[in-house]
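Going by our numbering, the sequence shown opens with residue 1, and the numbers climb by one from there.
Hints may be right or wrong, so weigh each one.
What the hints assert, rightly or not - Restraint ranges, calculated between C-beta atoms of paired labels, are given here:
1. Gly81 to Thr50: 19 to 27 Å
2. Pro80 to Arg101: 16 to 24 Å
3. Asn30 to Gly81: 32 to 40 Å
4. Pro80 to Gly44: 19 to 27 Å
Said to hold, decoys possible - Calculated cross-link-like contacts (lysine to aspartate or glutamate; reagent style EDC-like; alpha-carbon spacing at most 20 Å):
5. Lys86 to Asp111
6. Lys86 to Asp128
7. Lys100 to Asp111
These are calculated hints, taken from the structure and not from any lab test.
From the three backbone atoms N, C-alpha and C, an ideal C-beta is built for every residue, glycine too.
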Amino acid sequence: MSLSGTTLAASAPPQGSAGSSPLSPLVRGNLHLRFDTGRALWRGRQVTVTGTELKMLHLLVRTPGTAVGYRALYDLVHGPGFMAGKGNAGYRANVRAFIKRIRRKFREVDDGFDAIGNDPGTGYIWRD
Numbered sequence: 001m002s003l004s005g006t007t008l009a010a011s012a013p014p015q016g017s018a019g020s021s022p023l024s025p026l027v028r029g030n031l032h033l034r035f036d037t038g039r040a041l042w043r044g045r046q047v048t049v050t051g052t053e054l055k056m057l058h059l060l061v062r063t064p065g066t067a068v069g070y071r072a073l074y075d076l077v078h079g080p081g082f083m084a085g086k087g088n089a090g091y092r093a094n095v096r097a098f099i100k101r102i103r104r105k106f107r108e109v110d111d112g113f114d115a116i117g118n119d120p121g122t123g124y125i126w127r128d
């Protein structure tokens with residue numbers, strides 16, 4: 001599979017304006033994200049994710065087939081520009097750990113889960 005070298009800018013799921021209703025659910029293939037309840041469903045089964053993991057999933061699934069950079073994913077954790085880990089790219093290890101946990105949680109409900117791919121040197125990609 002050829003992966004796009006495009007990297008998305010970081011952003012959290014869009015927020016409604018003051019007084020507006022919660023975000024609408026996001027459905028992409030077998031994935032259903034519920035922002036109002038903070039839940040993720042995979043093939044109709046609940047996957048227990050944290051708020052940060054839900055934000056990462058949202059960033060990945062909103063443009064399937066497009067690589068999302070390590071930095072964009074990490075910015076969801078601590079905000080833009082936060083430095084962590086060893087060296088200038090130390091945050092990558094933290095992102096890898098997040099993705100590893102997310103994949104594990106999905107494999108607990110579907111041992112064949114493989115919708116999150118890696119784009120080496122860039123980040124991660126959602127496969128439909």
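Right, here's what the structure says about each hint:
For Gly81 and Thr50, the Cβ-Cβ distance of about 22 Å falls inside the hinted range of 19 to 27 Å, so the restraint holds. Between Pro80 and Arg101 the Cβ separation comes to about 22 Å, which falls inside the hinted range of 16 to 24 Å. Taken as a hint, the range 32 to 40 Å holds for the pair Asn30 and Gly81, whose Cβ atoms sit roughly 35 Å apart. Remark: the range hint 19 to 27 Å for Pro80 to Gly44 is contradicted by a beta-carbon distance near 35 Å.
Proposed proximity of Lys86 and Asp111 is contradicted: the alpha carbons are some 33 Å apart, above 20 Å. Under the criterion of a C-alpha separation no larger than 20 Å, the hint pairing Lys86 with Asp128 is inconsistent with the structure, at around 34 Å. Straight-line distance between C-alpha atoms of Lys100 and Asp111 comes to about 14 Å, which keeps the hinted pair within the 20 Å bound.
Hints 4, 5 and 6 from the list above are not met by this structure, while the remaining hints are.
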